[in-house]
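Enquirer: Put chain B on the given structure of chain V with help from the hints.
Residue strings, one per chain:
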Amino acid sequence: MRADLAEVTALLHQEAMLLDEQDWDGWLALYDEDAEFWMPAWKSETEPTSDPMRELSMIYYSGRAGLEDRVQRIRSGKSVASTPLRRTSHMVGNVMLLPDDPAHANLVQVKSSFNVHVYDTRAKTQHVFFGRTTHGLSRDEANGALRIGRKKIILVNDCIPTMLDIYCV
Amino acid sequence: MSASLSTRDLDRLIDDRADEGWFSVHRDAFRDPAVFELEMRHIFEATWNFVGLESQLPNPNDFLTTTIGRSPVVVMRDAEGKLGCFLNSCRHKGAMVFHTNAGNGPHHSCPYHGWTYDTGGRCIAITSQRQGCYPEAFKAMEHDLARVARFDSYRGLLFASLSADVPPLEEYLGDAKRGIDLVVDQGPEGIELIPGAVSFTYNANWKFQLENSSDTYHFIPTHTSYIGVLEKRRSARAASSGASAAAAPAGSIYEDIGAQAASRRGCFTFAHGHVLMWGDNPAVSARPLYPMLPEIEKRVGKVMAKWMMYVRNLTLFPNVQIAENASMQLRIIRPLAVDRTEMLAYCVAPKGEPAQARIKRLRQYEDFFNPTGFATPDDTSAYEACQRGDEARTLDWQQGYARGLTEVKAGGNAESEELGIRPQTSTVGGYRMGDETVFHGNYRAWLELLKRGVARK
Chain V
1 MRADLAEVTA
11 LLHQEAMLLD
21 EQDWDGWLAL
31 YDEDAEFWMP
41 AWKSETEPTS
51 DPMRELSMIY
61 YSGRAGLEDR
71 VQRIRSGKSV
81 ASTPLRRTSH
91 MVGNVMLLPD
101 DPAHANLVQV
111 KSSFNVHVYD
121 TRAKTQHVFF
131 GRTTHGLSRD
141 EANGALRIGR
151 KKIILVNDCI
161 PTMLDIYCV
Chain B
1001 MSASLSTRDL
1011 DRLIDDRADE
1021 GWFSVHRDAF
1031 RDPAVFELEM
1041 RHIFEATWNF
1051 VGLESQLPNP
1061 NDFLTTTIGR
1071 SPVVVMRDAE
1081 GKLGCFLNSC
1091 RHKGAMVFHT
1101 NAGNGPHHSC
1111 PYHGWTYDTG
1121 GRCIAITSQR
1131 QGCYPEAFKA
1141 MEHDLARVAR
1151 FDSYRGLLFA
1161 SLSADVPPLE
1171 EYLGDAKRGI
1181 DLVVDQGPEG
1191 IELIPGAVSF
1201 TYNANWKFQL
1211 ENSSDTYHFI
1221 PTHTSYIGVL
1231 EKRRSARAAS
1241 SGASAAAAPA
1251 GSIYEDIGAQ
1261 AASRRGCFTF
1271 AHGHVLMWGD
1281 NPAVSARPLY
1291 PMLPEIEKRV
1301 GKVMAKWMMY
1311 VRNLTLFPNV
1321 QIAENASMQL
1331 RIIRPLAVDR
1341 TEMLAYCVAP
1351 KGEPAQARIK
1361 RLRQYEDFFN
1371 PTGFATPDDT
1381 SAYEACQRGD
1391 EARTLDWQQG
1401 YARGLTEVKA
1411 GGNAESEELG
1421 IRPQTSTVGG
1431 YRMGDETVFH
1441 GNYRAWLELL
1451 KRGVARK
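Here the protein sequences line up with chains V and B, keeping their order.
Mapping to our numbering: the first sequence position 167 is 167, numbers consecutive.
Mapping to our numbering: the second sequence position 273 is 1273, numbers consecutive.
Please note: incorrect hints may appear among the correct ones.
[As the list claims (entries may be wrong)] Pairs of lysine-lysine, DSS-like flavour, derived with a Cα cap of 27 Å:
| # | chain 1 | residue 1 | chain 2 | residue 2 |
| --- | --- | --- | --- | --- |
| 1 | B | Lys1409 | B | Lys1177 |
| 2 | B | Lys1177 | B | Lys1451 |
| 3 | V | Lys43 | B | Lys1351 |
| 4 | B | Lys1302 | B | Lys1351 |
| 5 | B | Lys1306 | B | Lys1177 |
| 6 | B | Lys1232 | V | Lys152 |
| 7 | B | Lys1177 | B | Lys1298 |
| 8 | B | Lys1351 | B | Lys1177 |
| 9 | V | Lys78 | B | Lys1451 |
| 10 | V | Lys43 | B | Lys1082 |
| 11 | B | Lys1306 | B | Lys1351 |
| 12 | B | Lys1177 | B | Lys1082 |
[Said to hold, decoys possible] A short list of chain B residues far from chain V (calculated; beta carbon distances all over 10 Å):
| # | residue |
| --- | --- |
| 13 | Glu1045 |
| 14 | Arg1070 |
| 15 | Gln1129 |
| 16 | Met1141 |
| 17 | Asn1203 |
| 18 | Arg1264 |
| 19 | Asp1378 |
| 20 | Arg1444 |
| 21 | Leu1447 |
To be clear, the hints were calculated from the coordinates, so they are not data collected in a lab.
The beta-carbon is built from N, C-alpha and C at its ideal position, and this holds for glycine as well.
Bound-form chain V, shown alone (with noise of 0.2 Å):
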């Protein structure tokens, strides 16, 4: 499968919009329902956890359904973290595609990095989480538009302020 530059750097755009503008079922579709979501832990000061079945994960979802947890949550009303929602903006840069992964084969690669301010309207704070991630893309088969099969997202700043769910990433 193939993909150029400028139409991987748009979905990823288009990726980040859609949280920052809470439209889920937006941000849902965008995912293959067997998509993997995972957000290592760390281990130690330079390495993070890279085996989600035998070392901890922040996050880790083999399949959209887990996303689709998430927001049933947020849109439940009934979550004191999520309720009033934290607002959120996401700056997506250095997109870049990488070769392609033996283990992914038919996923394009892509890597790129994300600041994701996050406003909590209660306490008038902000907090800045950041990092890098990995997209790994498929081609719809009935319209031809890109999707999201895999995503990995290294956090830096792993000590987390009280929360961060999906849409702080």
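Expert: Only chain B this time, still in chain V's reference frame:
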């Protein structure tokens, strides 16, 4: 309140008339910086604190760093294999010598002027000492890393105290030790921390976390959104397997909240502020430990095995909690300010558990315990709501220590007899009782330590 508090001021923070049917904590305990200062000096820096597990330091020259109150400390295994605990502060100008959470190496140099220490804490080199023109007074001094006043272990859990004026560790832990046994004995070779520690902060007092661990009352109201997600998963699982929802395998002990709500909850309090909350968990098969149950029963007997399958949240006052409900968490409480707390959390597992059980343990843990998961963010956000709300300065007393007061009994009960322990108080009741007398034990020890410290001054 004034900047320095007398024992009489401290007495006014706790209204302990449990015998007459009342107990309360003054809101200044959560919002007064002067109270926080005393807590640091007379609790955290004056009694036993959990500092790590022996299994984190398997090899000679391994070290880990942590804090006791405000003091940075390092726990090391020396070249001969002996463990020690020292202040992580160079004797020259105070710079921290160890700058990572953990590591290994025979010698450690201060990054500033290069004084070098071995893993027994001995100062083995002072840079350019001979050319230093040092006076006799300096030569007569000891330059080693300062040892903490007391350092001991129980079943592989390491504790240290900056004050020598403490009871021996086993006496301090008392019958709360059984809560440790129920964790450590789960694996034939003990327990281990799964790689990947997670730390988080919240902007509220440390005692909200202290209490929340044994607060059964909050679960349904605070975690409604999480329970909703679990119910959805349960139906989805049922639909995919074609079985009825009730017959679907539980992915979490909380997935069948109806069964949970029909179970019992109880609490024990012990001397020195330790508490153990328990629940007879009906969703045993949802526990990662379940596949190991036959082996465990054979090794520790059916009664202890049953207690290992129970929900159990253990607080070892003041700074460590082991929560076993959805998966198992070891969490260290580090107060930073009266309104700010740092938590360091690990997923705990029996050594050598089956691969599928380990996966289940990880997924349950991430779901429930992570600050990036479904439950902890609602807890910490609730603590922050309390801290901000406690700024209502014309209100003095909490009303959060009254549930269970007509039920609580001095001494033990049938459950403590099963465990062979003698708690100071015990309660047992339905899930909805939401006992709050369990916190009385925390605050009695809290007040005693503060008053003792202030009186000694």
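Enquirer: Does each hint hold? Answer for all of them.
Expert: A quick look at each hint next to the structure:
no., hint, verdict
1, B:Lys1409 / B:Lys1177, "21 Å, holds"
2, B:Lys1177 / B:Lys1451, "26 Å, holds"
3, V:Lys43 / B:Lys1351, "18 Å, holds"
4, B:Lys1302 / B:Lys1351, "21 Å, holds"
5, B:Lys1306 / B:Lys1177, "17 Å, holds"
6, B:Lys1232 / V:Lys152, "26 Å, holds"
7, B:Lys1177 / B:Lys1298, "22 Å, holds"
8, B:Lys1351 / B:Lys1177, "20 Å, holds"
9, V:Lys78 / B:Lys1451, "41 Å, violated"
10, V:Lys43 / B:Lys1082, "25 Å, holds"
11, B:Lys1306 / B:Lys1351, "19 Å, holds"
12, B:Lys1177 / B:Lys1082, "23 Å, holds"
13, Glu1045, "23 Å, holds"
14, Arg1070, "18 Å, holds"
15, Gln1129, "31 Å, holds"
16, Met1141, "33 Å, holds"
17, Asn1203, "7 Å, violated"
18, Arg1264, "26 Å, holds"
19, Asp1378, "5 Å, violated"
20, Arg1444, "30 Å, holds"
21, Leu1447, "29 Å, holds"
Violated hints, in rising order: 9, 17, 19; the structure is consistent with all others.
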